[in-house]
Amino acid sequence: DAGVIQSPRHEVTEMGQEVTLRCKPISGHNSLFWYRQTMMRGLELLIYFNNNVPIDDSGMPEDRFSAKMPNASFSTLKIQPSEPRDSAVYFCASVGGNYGYTFGSGTRLTVV
Amino acid sequence: RKEVEQDPGPFNVPEGATVAFNCTYSNSASQSFFWYRQDCRKEPKLLMSVYSSGNEDGRFTAQLNRASQYISLLIRDSKLSDSATYLCVVRADSGYALNFGKGTSLLVTP
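Chains as they are written, first to last, in this note's numbering: chain A, 1 to 112; chain B, 1001 to 1110.
Pulled out of the complex, with its shape left as it was, chain B reads as follows (with noise of 0.2 Å):
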């Protein structure tokens, strides 16, 4: 079983739509998240950090409820440029290393 479990979509929304997607890690020492964005064939790029007490960057919300291990994005107000795989990414206890979710995949349509 992957530490990172996530819903692989896609998820095909219009423009202006709201989005959520949801996360789930099995570690419960994990000490740092994250959300990832990666566009076709380019390398991820980090979109945001995730606090305990929730964050908002704009139109994105990132939410963590660590006693369900389970982190959550919410994005309002679709944009075309918004389609994108978004990766679940999870810090372990110790180190910088990094455990990725396998994404999901927004298309958002016009």
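Here chain A stands alone, though its shape is the one from the complex (with noise of 0.2 Å):
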């Protein structure tokens, strides 16, 4: 099993460009995470999604964050326009039925 897969795992873009992150959850968790980490707020949940549905995106920050998963084995999260304020380090986390985690290994963003 090869985990949960996220790519970029770096990205640094210019202010107003467009992000695009990637998420691969592990196969037959039905259940999709979006974190995101800075020093000052901690990891927060931005959205997530149950049998590739959005359930709750009350944490998405603003109407530049959107999240798509079009089917059981792919996620996406784009920004546009990206700005300074969205750098941090973005988690994609997917969920099997024991409530177990598993969380990718991250995409550090940094917008400049």
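Simulated from the structure, these hints should not be mistaken for laboratory data. In this text the structure is predicted, and so the values were computed from the model without any measurement. Hints should not be assumed to be uniformly reliable.
Unchecked claim - 30 Å max Cα-Cα, derived BS3-like pairs, lysine-lysine:
hint	chain 1	residue 1	chain 2	residue 2
1	B	Lys1045	A	Lys24
2	A	Lys24	B	Lys1042
3	A	Lys24	A	Lys68
4	B	Lys1042	A	Lys68
5	B	Lys1002	A	Lys78
6	B	Lys1045	B	Lys1079
7	B	Lys1042	B	Lys1002
8	A	Lys68	A	Lys78
9	B	Lys1045	A	Lys78
10	B	Lys1042	B	Lys1079
11	B	Lys1042	A	Lys78
12	B	Lys1079	A	Lys68
13	A	Lys68	B	Lys1045
14	B	Lys1002	B	Lys1045
15	A	Lys24	A	Lys78
Stated by the list, open to error - Covered by chain B, according to a simulated footprint, are these stretches of chain A (three or more residues, beta-carbon under 8 Å):
hint	segment
16	29-42
17	45-56
C-beta atoms are modelled at their ideal positions from N, C-alpha and C, and glycine is treated no differently.
Combine the two chains into a complex, taking the hints into account.
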């Protein structure tokens, strides 16, 4: 089992550019979560999907953020346009039936 | 106010010491409780679940006090490899979403 796979590992982009983060959950896990981690705020839930359907997106900071899960094996988190305050580590996690979370290695985003 | 509060530390302790971390949570309807460990520049990983009766896993003991909405983690005989950030985590009353504390940093020194 390859675990939760996120790409890219690092992303440096200029303010105003579109950023797309990708996540492949563990096969058979039917819930997927996007979290953002900063020193100031810690880990914050942005959105989560159950069976590919968005269940709670109340953590998405604003309309510049959007997330999709077109199928059970792929999800994207898009920021358009990006701003310096979006700089953070973005984690994807998937969950199986025993509530066990598995996190991906994260994407470290820097917006300059 | 964050739903899960932790002392950020850092806790600097010598090898072999016993160290305890505490955490409080605000949602009395919370169902499940966990401690996660996060190494520097790595993803969080589950350390242990926390049960109402208290539970132990080797050198690690977790306790839950639902009346006080308080969770603790005790590490005995600290090892250098225990140096990490320890995240207190609470699952809300429905669904799988977890609320994370900001973490407590532990540094174990020789």
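Right, here's what the structure says about each hint:
1. For the proposed pair B/Lys1045 and A/Lys24, the alpha carbon gap of about 18 Å is at most 30 Å, so the pair holds.
2. This hinted pair checks out: A/Lys24 and B/Lys1042 have alpha carbons roughly 18 Å apart, not beyond 30 Å.
3. Proposed proximity of A/Lys24 and A/Lys68 is supported: the alpha carbons are some 12 Å apart, at most 30 Å.
4. Restraint check for B/Lys1042 and A/Lys68: satisfied, since their Cα atoms lie roughly 25 Å apart, inside the 30 Å limit.
5. With a C-alpha separation of about 26 Å, the suggested pairing of B/Lys1002 with A/Lys78 holds against the 30 Å cut-off.
6. For the suggested pair B/Lys1045 and B/Lys1079, the alpha carbons sit about 18 Å apart, so the restraint of at most 30 Å is met.
7. A hinted pair counts as satisfied when its Cα atoms are at most 30 Å apart, and B/Lys1042 with B/Lys1002 qualifies at roughly 23 Å.
8. Restraint check: the Cα-Cα separation between A/Lys68 and A/Lys78 comes to about 9 Å, which is no more than 30 Å; the hinted pair holds.
9. Proposed proximity of B/Lys1045 and A/Lys78 is supported: the alpha carbons are some 25 Å apart, at most 30 Å.
10. Distance hint between B/Lys1042 and B/Lys1079 is fulfilled; the C-alpha atoms sit about 19 Å from each other, no more than 30 Å.
11. Between the alpha carbons of B/Lys1042 and A/Lys78 the distance comes to roughly 22 Å, so the proposed pair stays at or under 30 Å and holds.
12. Between the alpha carbons of B/Lys1079 and A/Lys68 the distance comes to roughly 42 Å, so the proposed pair goes past 30 Å and is violated.
13. Between A/Lys68 and B/Lys1045, the direct Cα distance comes to roughly 25 Å. Compliance with the 30 Å bound is thereby established for this hinted pair.
14. A threshold of 30 Å between alpha carbons decides the hint, and for B/Lys1002 with B/Lys1045 the separation of about 21 Å falls inside it, so the pair holds.
15. For the suggested pair A/Lys24 and A/Lys78, the alpha carbons sit about 15 Å apart, so the restraint of at most 30 Å is met.
16. With 5 residues having a beta carbon nearer than 8 Å to a beta carbon of chain B, the segment 29-42 of chain A meets the requirement of three or more and the stated coverage holds.
17. With 5 residues carrying a beta carbon less than 8 Å from a beta carbon of chain B, the segment 45-56 of chain A meets the three-residue requirement, and the given coverage holds.
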